[in-house]
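Trainee: If you're matching them up, the sequences are chains A and B in order. So the first sequence is numbered by my numbering: it starts at 73 and just counts up by one. So the second sequence is numbered by my numbering: it starts at 73 and just counts up by one.
Don't take each hint at face value.
The list treats identical chains as one, so a pair stands whether inside a single copy or across any two.
Simulated pairs of lysine-lysine, DSSO-like, Cα-Cα distance not exceeding 30 Å [claimed, not checked]:
hint, residue 1, residue 2
1, K182, K110
2, K182, K223
3, K110, K223
4, K223, K193
5, K193, K182
6, K110, K193
Note that these hints are calculated values from the structure, not bench results.
There are 2 protein chains.
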Amino acid sequence: MRKLFSTCAALSLAAMPVIGIAQSGSTQISITPTSSQKVIAGAPDRFTGTVRVQSLFDAKEPARSSGGQVTFQPGARSAWHTHPLGQILIVTDGVGWVQQWGGPVQVIRKGDVVWIPSGVKHWHGATPSTTMTHIAFQELLEGTAVNWLEKVTGEQYRLMK
Amino acid sequence: MRKLFSTCAALSLAAMPVIGIAQSGSTQISITPTSSQKVIAGAPDRFTGTVRVQSLFDAKEPARSSGGQVTFQPGARSAWHTHPLGQILIVTDGVGWVQQWGGPVQVIRKGDVVWIPSGVKHWHGATPSTTMTHIAFQELLEGTAVNWLEKVTGEQYRLMK
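Take the sequences, apply the hints, and build the full model.
Mentor: Here it is, written out as structure tokens:
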């Protein structure tokens, strides 16, 4: 049986600060093929440039993790944000940047696993000349997996080169 | 800064039923390159055949998810097992099988996202003629992310063809 997840949670990166929790209650294994995974463009108030956000799975109570795959075109990046229970990024393609507030920019490459601790203000995205794709996982705390802040300005981004 | 995670949690698939929790306490982003991710062979009491288990990240309190990447050579599979808070598999390469107790075998392919609900007895692995690689995520409940059961016998496995 190949069932469709209801997909909203992972898209919170692009769409909403408070993530819905799927009430599965099912005791059946479900399989969602790529063709059934919801894809949206990164919302312009939360991303700069061209960003593709693919939902992978929702949090299903009593579990509380959600995941998505995000591709940033050159120059594209998230806004500054925090995660109440942190975030894991698994870089699946390309080269990108990640930076926490007040820290240096760090290069991330295919195969890297990035841990962003809870409450750490940060952004992630592509470099000016390369694309970058990562899978992102985060856990809900009281219904919230991400808190969005201001965008990364062109000046902030250019200073990293 | 590219720091090394202490890696034991994701390896629980192969090594232990009770997962350690990393006490990070850090407020620094850490990056673990592929070359620093611990790799072990699947333990023979929990896997059949040739299985490569690569740790991706531990659970870091107050977060409780861990993740690993697992590659099954043709004919290789996990033992029967359950997860107290369920498990997500993201198939990253090849073609494999997943089955829950009493149900039909289901084919899983690159790009598929598989949800295994909490407490559902199941196994996953390669087909007899193909390799399969997936990323696996699971959450801890009272220190446990997986409960191992008996192995999938050759007879059980052959019946699925």
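Trainee: Take the hints in turn and mark each one as holding or not.
Mentor: Hint by hint, here is what the structure shows:
In the homo-oligomer, the alpha carbons of K182 and K110 lie at most 30 Å apart both inside one protomer (23 Å) and across protomers (16 Å), since each shortest distance falls under that limit. Taking CA atoms no more than 30 Å apart as the test, K182 paired with K223 passes inside one copy only; the shortest distance there is 25 Å, against 34 Å between copies. For a Cα distance limit of 30 Å, the shortest separation of K110 from K223 inside one copy, 25 Å, qualifies, whereas the shortest one across copies, 36 Å, does not. Only within a single protomer do K223 and K193 lie at most 30 Å apart by alpha-carbon distance; the minimum there is 12 Å, versus 45 Å between protomers.
For the identical chains of this complex, K193 and K182 are intra-copy neighbours only, at 23 Å inside a copy versus 34 Å across copies, given an alpha-carbon limit of 30 Å. Taking the shortest Cα distances, K110 and K193 sit within 30 Å of each other both inside one copy (27 Å) and across copies (28 Å).
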